[in-house]
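Trainee: My numbering applies: residue 1 is where the sequence shown begins, and numbers increase by one.
In short, the hints are calculated from the structure, not lab data. Model, not experiment: these values are computed from the prediction. Glycine included, C-beta positions come from ideal geometry on N, C-alpha and C. Be aware that one or more of the hints could be misleading.
Claimed, not checked - Have a look at the derived ranges for each label pair, beta carbon to beta carbon:
hint	residue 1	residue 2	range
1	37	122	38 to 44 angstroms
2	48	140	21 to 27 angstroms
3	74	136	41 to 47 angstroms
4	8	147	35 to 41 angstroms
5	138	106	19 to 25 angstroms
6	87	63	26 to 32 angstroms
7	8	36	18 to 24 angstroms
8	81	138	20 to 26 angstroms
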Amino acid sequence: MEEFGGPKGSALKTDNPLIKAAMAHLGETWPQSCHFSELLATARSRSGRYSACDDFGFDEDARELGGILLRTHAAGLTELHVHSPQFVLTVSERPVASALARLQIQNGSLVTNLCHASVQVTDKMARRLLQLLDGTRDRTALLTELTAFLESDIKKRR
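Produce the complete structure using the sequences and hints provided.
Mentor: In structure tokens:
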């Protein structure tokens with residue numbers, strides 16, 4: 001029996017090799033999205049039950065995995081999307097935060113991320129960094145601006 005936990009305290013316990021393989025794959029690739037057909041093929045292959053391209057038991061596995069995903073979604077363990085969320089997992093040469101988040105941080109500490117979740121940003125340095133992430137600055141320029149911001153903040157406190 002293996003247990004998979006989610007961000008809201010929900011959990012799934014299973015001894016089903018297909019489901020264990022699917023949940024392990026989702027955990028390893030998070031926060032990237034995964035198309036259902038890719039998840040099913042990967043889970044079938046990793047579980048050792050069938051090869052990814054073997055049709056034997058395919059429909060039954062698809063129904064079983066689909067049912068589990070619906071239940072785990074209802075429990076807050078997994079997310080389901082019609083389209084893949086458009087975010088990056090590596091920092092580019094000139095990082096960009098969403099225009100909405102940059103606008104929101106100017107007016108308060110609550111911003112909306114690209115998965116439509118609200119995020120509280122209370123740290124002054126993080127708030128300033130978010131404002132600067134407009135794609136016009138490289139890492140060196142960002143560091144220079146943040147250093148100046150920090151020095152200015154220290155002077156204000158004296």
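Trainee: Failing hints, ascending?
Mentor: Those not satisfied are hints 2, 8.
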